[in-house]
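I would like the entire structure built from these sequences, with the hints used as guidance.
If you want the building blocks of each chain, they are given just below.
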Amino acid sequence: MEIEEKQPRSIAEIISIVEALVFVADEPITVKTLSDVLEEDRETIEAAVEELKQEYEDRTGGLQLREIAGGWQISTRTEYHEEVRKYLKTRPNAKLSLAALETLAVIAYKQPVTVPEILEIRGVQSASAIKTLLDKKLITAKGRKETVGRPMMYGTSKDFLLQFGLKDLSELPSIEDFEDLVQ
Amino acid sequence: MEQQPEQLSFDFYKEKPHIARQSRDELRLTLGKFAGPLDLLLYLIKQEQANIFDIPIARITDEYLKYIRLMKSFDITLAADFLVMAATLIEIKSKMLLPKEITEETEEEMEDPREALVRQLLEHQKFKNASQMLYERSTVEQAVFGRGKIESDENNAETNASVFDLLTVFQKILSRHKEEVQMEIEREEVSLADMIKSLKKQIFEKKELSLLAFFEEMHTRRELVTAFIAVLEIVRTEGVKLMQTATFGDIILKKI
Chain A
1 MEIEEKQPRS IAEIISIVEA LVFVADEPIT VKTLSDVLEE DRETIEAAVE
51 ELKQEYEDRT GGLQLREIAG GWQISTRTEY HEEVRKYLKT RPNAKLSLAA
101 LETLAVIAYK QPVTVPEILE IRGVQSASAI KTLLDKKLIT AKGRKETVGR
151 PMMYGTSKDF LLQFGLKDLS ELPSIEDFED LVQ
Chain B
1 MEQQPEQLSF DFYKEKPHIA RQSRDELRLT LGKFAGPLDL LLYLIKQEQA
51 NIFDIPIARI TDEYLKYIRL MKSFDITLAA DFLVMAATLI EIKSKMLLPK
101 EITEETEEEM EDPREALVRQ LLEHQKFKNA SQMLYERSTV EQAVFGRGKI
151 ESDENNAETN ASVFDLLTVF QKILSRHKEE VQMEIEREEV SLADMIKSLK
201 KQIFEKKELS LLAFFEEMHT RRELVTAFIA VLEIVRTEGV KLMQTATFGD
251 IILKKI
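Protein sequence lines correspond, in order, to chains A and B.
Mapping to our numbering: the first sequence position 141 is 141, numbers consecutive.
Mapping to our numbering: the second sequence position 55 is 55, numbers consecutive.
In short, the hints are calculated from the structure, not lab data.
Take the hints with a grain of salt, since some may be wrong.
What the hints assert, rightly or not - Estimated spans, in silico, between C-beta atoms of each pair:
# : chain 1 : residue 1 : chain 2 : residue 2 : range
1 : B       : P113      : A       : E171      : 31 to 41 Å
2 : A       : Q125      : B       : V225      : 57 to 67 Å
3 : A       : K86       : B       : P113      : 57 to 67 Å
Stated by the list, open to error - Covered stretches of chain A (chain B as the covering partner; in silico rule of three or more C-beta atoms under 8 Å from a C-beta of chain B):
# : region
4 : 47-58
5 : 123-130
6 : 136-149
Note that the structure is predicted; figures quoted are calculated from it, not measured.
Note that CB positions come from ideal geometry on N, CA and C, so glycine has one too.
Rendered as structure tokens:
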């Protein structure tokens, strides 16, 4: 009995296909998507991605392969930002105000979190900071808390991960680590 | 907006609090550009080189109130948050002044009145440090660029247009169309004399003529202007009266 068997791909071939897919993907591409397209199992893909990442690092070229917002992305290296910016004719985005950053920090660590809870930690009303963060799509509403007044709860968005170069929320250093920094 | 120089780190604690007048009735006390009573308190504690776990509450309260008074001297409506903190500080201070009744029950349970505040300060400080980390991350991230978008059906501007985009385009086409029409068809120019003649004829035939109806027959701005002058002229020279029955209502041309 003959079983029709696909010619197994070599590791090198898998790595090449992964590279091609990461290159064309507009957004960070997940291991799951890669594994669906290639019809290879997760472990194989993960190994291939890691291998590819290593290749990029060894080459020390202008590009890097990195994990961000739950997927993989090819991007430029920070060292060349000036030239890239000159070509793209872009300037760095307007920085968030420190009040907005502080509010974002509270939301990132305490999510889902309500406005009164943010006030408790910051000691100031944060309405305008929250509006800024919503406008910049760094945070999103995450439903209402079942408590008096049913206040809106907020959490961080995928854009937050992208803009702060995070794989996922677990990559944030533990909030307790910040305890001893300043005394 | 001020252009901030690119810096990877930012020492929030180095900044001195200062009072910045925002508008006539809003004053913002900023500490390292963070606004708020907890920031002011943290700053004062640092300034006094006090231990955060053993805040010399009387001294700090005095300092804090000094800032509040300074703000008030600017005749500024103080943010309520600052006043709440002032009240809290005074409450703690007075509690600490009270002689402690040492009974067997309270001896163990006696909570330091500062404890809640210290907890809040420490919590606040953690998030202040965390926001510094976020600041650094975003600065680094801004130096990283992904690939530009590849044109596909999905992100192609042509197919990705919203209704409003369509409307805008449609309006452009319409306005272009109008211009074309105006170029192609040359209207017969109506002279003032002709206009007066036609107006007179209409009035004499109908005895009454609605000014609105008369103007509505005009096709171009030029005709409208001519018609308007014709009306003025006919009122001046012929026995014609202008009548209006309601404010902003239609005006009737009537033969006397």
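Hints numbered earlier in the text: which of these fail when held up against the supplied structure? Hints 4, 6 are the ones this structure does not satisfy, whereas the remaining hints hold.
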